[in-house]
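Asks: When you get a sec, could you build the whole thing from the sequences and use the hints?
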Amino acid sequence: MNSMPCEREEELAEALRMERWPEGAPRELREHVAECPACTELALVASCLRRDAVAAEGEADLPEAGFVWWKARLVARRAATERAMRPVMVAQKAGLVAGALAAAGLAAWQWPVLKEWLGGPIFPTSSHSSLWMGLLAASLAGTLVVAGIGLYLIWSER
Numbered sequence: 001m002n003s004m005p006c007e008r009e010e011e012l013a014e015a016l017r018m019e020r021w022p023e024g025a026p027r028e029l030r031e032h033v034a035e036c037p038a039c040t041e042l043a044l045v046a047s048c049l050r051r052d053a054v055a056a057e058g059e060a061d062l063p064e065a066g067f068v069w070w071k072a073r074l075v076a077r078r079a080a081t082e083r084a085m086r087p088v089m090v091a092q093k094a095g096l097v098a099g100a101l102a103a104a105g106l107a108a109w110q111w112p113v114l115k116e117w118l119g120g121p122i123f124p125t126s127s128h129s130s131l132w133m134g135l136l137a138a139s140l141a142g143t144l145v146v147a148g149i150g151l152y153l154i155w156s157e158r
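Just so we're aligned: the sequence shown equals residues 1 to 158 in the numbering used here.
Take these hints with a grain of salt, some might be off.
Unchecked claim - Straight line, CA to CA, 20 Å or less: simulated EDC-like cross-link-like pairs of lysine to aspartate or glutamate:
#1 Lys93 to Glu82
#2 Lys71 to Glu82
#3 Lys71 to Asp61
#4 Lys93 to Glu157
Note that these hints are calculated values from the structure, not bench results.
Replies: What follows is the structure in structure tokens.
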């Protein structure tokens, strides 16, 4: 490195900053740089730095700060929503288990009546029996529809 500054070093630095070196620089400045060691060194270092900056520009393709901030807020909001929904999901699953256990308990409790209903003829002849079979079929169909809608709503959230 030279300790003696050149009087044309500022002119060369300006040409380098304005990206006019070497094509857009005056002929006298180009001839001076070819003869002056300080200016030659400055031009060499500046061209190396510019080449490295252009190469690094393609490598470091960072997203905008606003996008990163938006994404971080979105992730935080989703995490907060998930934390808030955990008790609701636990209660929902507990309700499903309780309903299934209640249905199983009711079926076990009323097993003799169910066995009698199911053990009878498929097309009963008495009007009393057909009324109960109709109610049973309607109740079963309603339960299946409600269960299907419930399962659809639960699975559509995921």
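Asks: Straight-line Cα separation of Lys93 and Glu82 no greater than 20 Å?
Replies: Distance ~16 Å between Lys93 and Glu82 Cα, so the pair holds.
Asks: Holds or violated: Lys93 and Glu157, Cα atoms, limit 20 Å.
Replies: 14 Å, holds
Asks: Lys71 and Asp61 were given as a pair; does the straight-line alpha-carbon distance stay at or below 20 Å?
Replies: Holds - the C-alpha atoms of Asp61 and Lys71 are around 17 Å apart, at most 20 Å.
Asks: Within a Cα-Cα threshold of 20 Å, do Lys71 and Glu82 meet the stated pairing?
Replies: Judged against 20 Å, a Cα distance of about 16 Å means the pair holds.
In summary, the structure agrees with every hint in the numbered list given earlier.
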